[in-house]
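Between the sequences and the hints, there should be enough to build the whole structure, so can you do that?
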Amino acid sequence: MGTSAGIALPFEAPVADLEDQIRQLEARPDAADWQSDIDTLTASRDAMLAKLYGNLEPWDMVKVARHPNRPQTADYINAFCRDFRELHGDRRYGDDPAIITGLGRIGPYKVLVVGHQKGRTTEERIKCHFGCAHPEGYRKALAKMKLAAKYGLPVVTLIDTPGAYPGIGPEERGQAEAIAVNLLEMSRLATPIVSVVIGEGGSGGALGIGVADRVDMMQYAWYSVISPEGCAAILWKEANEETNSNAAKSLKLTAADNLELGIVDGVVEEPLGGAHRDPALAASKLERHIIDRLESVTRLNPKTLVEQRYERFRRLGEVHELASGG
Amino acid sequence: MSSTPPRSWTDDDVQTATRKKPVPEGLWLQCPGCSAILFKRTLENSLSVCPECRHHYRISADDRIEQLCDPGTFVEFDSDVVGGDPLHFEDVKKYPDRLQAARKKTGTNEAVKTGTGFVKGRKVIFAVMDFRFLGGSMGSAVGEKIARATEAAAAEDLPLIVVSSSGGARMMESGLSLMQMAKTSAALARLDDVGGLFISVLTDPTTGGVTASFAMLGDFILAEPQALIGFAGPRVIKQTIRQDLPEGFQRSEFLQTRGFVDRVVDRKDLRSEISSIIDYAGK
Chain A
1 MGTSAGIALP FEAPVADLED QIRQLEARPD AADWQSDIDT LTASRDAMLA KLYGNLEPWD
61 MVKVARHPNR PQTADYINAF CRDFRELHGD RRYGDDPAII TGLGRIGPYK VLVVGHQKGR
121 TTEERIKCHF GCAHPEGYRK ALAKMKLAAK YGLPVVTLID TPGAYPGIGP EERGQAEAIA
181 VNLLEMSRLA TPIVSVVIGE GGSGGALGIG VADRVDMMQY AWYSVISPEG CAAILWKEAN
241 EETNSNAAKS LKLTAADNLE LGIVDGVVEE PLGGAHRDPA LAASKLERHI IDRLESVTRL
301 NPKTLVEQRY ERFRRLGEVH ELASGG
Chain B
1 MSSTPPRSWT DDDVQTATRK KPVPEGLWLQ CPGCSAILFK RTLENSLSVC PECRHHYRIS
61 ADDRIEQLCD PGTFVEFDSD VVGGDPLHFE DVKKYPDRLQ AARKKTGTNE AVKTGTGFVK
121 GRKVIFAVMD FRFLGGSMGS AVGEKIARAT EAAAAEDLPL IVVSSSGGAR MMESGLSLMQ
181 MAKTSAALAR LDDVGGLFIS VLTDPTTGGV TASFAMLGDF ILAEPQALIG FAGPRVIKQT
241 IRQDLPEGFQ RSEFLQTRGF VDRVVDRKDL RSEISSIIDY AGK
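So the sequence lines, in the order shown, correspond to chains A and B. Heads up: the first sequence begins at 1 in the working numbering, then just goes up one per residue. Heads up: the second sequence begins at 1 in the working numbering, then just goes up one per residue.
I should point out that these hints are in silico values taken from the structure, not numbers from a laboratory. Please note: incorrect hints may appear among the correct ones.
In silico lysine-lysine, BS3-like type, Cα no more than 27 Å apart, as pairs [said to hold, decoys possible]: (1) B:Lys40 to B:Lys104; (2) B:Lys94 to B:Lys40; (3) A:Lys249 to A:Lys63; (4) A:Lys237 to B:Lys40; (5) B:Lys40 to A:Lys63; (6) A:Lys249 to B:Lys94.
Reference listing, derived: stretches of chain B covered by chain A, where coverage requires no fewer than 3 residues with Cβ under 8 Å from a Cβ of chain A [claimed, not checked]: (7) 48-56; (8) 239-253.
Label pairs and their calculated CB-CB ranges [as the list claims (entries may be wrong)]: (9) A:Arg92 to B:Lys268: 47 to 53 Å; (10) B:Gly72 to A:Tyr109: 46 to 52 Å; (11) A:Phe84 to B:Val194: 51 to 57 Å; (12) A:Leu87 to B:Leu245: 29 to 35 Å; (13) B:Asp97 to A:Gly94: 43 to 49 Å; (14) A:Leu87 to B:Val194: 31 to 37 Å; (15) A:Ser44 to B:His88: 52 to 58 Å.
No experiment lies behind these values; they were computed from the predicted model shown. Note that CB positions come from ideal geometry on N, CA and C, so glycine has one too.
The structure is reproduced here in structure tokens:
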């Protein structure tokens, strides 16, 4: 613990005050003399974080998922993917930096990693379109996943996107077709696939790399058919703090909600106060989780995997048969 | 509601089929395409296409089936399959109330009709979406019905014809709606695996999660003229990029020139196009 988040979310204001005080004490030349005060303050900070994060509203979780310091795909790759070799380009049009693909080792496994990348600096963010992928990103992902299947490598996908990029170019180059083809091909890709929503799971742009044998979510990630703002703008006719918050609640977009609906299979616990407060701990938890998942899916033969993957998605949804005449 | 009600072109049908401008009551209406004043009966006799400018009016699933199917051959299945309210979704209205209102308005249970029928003597499986029903949105029931239709097409080796007309995934079932994109696409993978034929017909409008799943996965993709087809809606794109969109952007003809639609087909030719593709595919 101890690393400060730097940028405080609105609901974290009380924590931010304490963290300021801790920082000031730690910065003193005679900090050692103040250690007991620092310890007390740290303990109250942790208690407050536990309380705040134990009662987060869905809209607050969306903000945590979007925190500028939250670890991204590239951070996790750096943290636990050894000998990573990025593979660029879709061999059709270009190379979309909003989706990273490459070979590497996670634990004892040689894998293909596919993940959305938002970028950290302003320059990176613009280059990555803030994690909103273009069709060439989805096509790159699929091309590399087919390679993985050909050589018997499992696929690990990390989902973190507000949604696929809405623009003229992406529409001209078949954004919808690119995503649709990924859904179809991933459903029958004869190699294990494990996915984790690490931050934002925005609609089709998220699902476009999310048809997997196991799908999990980080504790404060969100996953939904539309962003709270998009939903509020349509159904409440206006997106503001209040309607966004209502929409976030209605959309059942939290990890716990998605687990209950059967959309995800598990939740990866985050460090106290969110992954952005302790990226290293978040990474080690995620690494452990991915290795566990790989252990269970690589035991099955590809045919059984594809069969079970089909059934997994086939049964999602709630339908009833009306009584005759109803 | 297990069989298709006989077709009737009531005033109500025409009005709900033309959403762009309010249509005056009575025997006449103004075409949103060319502003011509049309005699309603003329429109009815021309498959709801303006004889002046070829503007294709939106039509209900029942009318579409009537136009494509050999008379009296459509047998609906799964008409009783409906969704629930798994999220207890509430915005300014409750989801069950929205469903109830849509059912009352359209006389149908969901935003897609599925069944078997014949097109010029060839047996096919149909899934026809109805934009009047909550904007043709896809929730669990729509996804389930399309998946079942696709599985039936694979099991019986029948061509699958899906006529899309949808604003996308249904928000009120959130993540479960999103999952229908994966479900329907996975079912289509299996149809493809057994060499099945899937003809996707795109009509105005086909956007969002429907475009980004089954609608774009046809072995053959046909589109009615001037239909809006895209992933993101034009308004969202405009807000994002803050510039005007090019003329004809996201219309059928645009998609054809960009390589995403095989043929733009006038409504009057749709039946013969479908039947001839079935022949070429040897189904």
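Cross-check of the supplied hints:
The suggested pairing of Lys40 (chain B) with Lys104 (chain B) holds, with an alpha-carbon distance near 24 Å, which does not exceed 27 Å. Straight-line distance between C-alpha atoms of Lys94 (chain B) and Lys40 (chain B) comes to about 36 Å, which puts the hinted pair past the 27 Å bound. Only pairs whose Cα atoms come within 27 Å are accepted, and Lys249 (chain A) paired with Lys63 (chain A) is accepted, the gap being roughly 13 Å. Distance check on the hinted pair: Lys237 (chain A) and Lys40 (chain B) sit about 34 Å apart at the alpha-carbon level, beyond 27 Å; violated.
The suggested pairing of Lys40 (chain B) with Lys63 (chain A) is violated, with an alpha-carbon distance near 53 Å, which exceeds 27 Å. Of the pairs offered as hints, the one joining Lys249 (chain A) and Lys94 (chain B) holds, with about 14 Å between alpha carbons and a cut-off of 27 Å not exceeded. With 0 residues carrying a beta carbon less than 8 Å from a beta carbon of chain A, the region 48-56 of chain B misses the three-residue requirement, and the given coverage is violated. Chain A is given as covering the region 239-253 of chain B, and this holds because 6 residues of the stretch bring a CB closer than 8 Å to a CB of that chain, at least three being needed.
At roughly 36 Å, the beta carbons of Arg92 (chain A) and Lys268 (chain B) sit outside the given window of 47 to 53 Å. Taken as a hint, the range 46 to 52 Å is violated for the pair Gly72 (chain B) and Tyr109 (chain A), whose Cβ atoms sit roughly 59 Å apart. The given range of 51 to 57 Å is broken by Phe84 (chain A) and Val194 (chain B), whose C-beta atoms sit roughly 39 Å from each other. A C-beta distance of roughly 34 Å is found between Leu87 (chain A) and Leu245 (chain B), which places it inside the suggested range of 29 to 35 Å.
For the hinted restraint 43 to 49 Å between Asp97 (chain B) and Gly94 (chain A), the CB-CB distance of approximately 47 Å keeps it satisfied. Restraint check, Leu87 (chain A) to Val194 (chain B): a C-beta distance of roughly 33 Å satisfies the suggested window 31 to 37 Å. The given range of 52 to 58 Å is broken by Ser44 (chain A) and His88 (chain B), whose C-beta atoms sit roughly 38 Å from each other.
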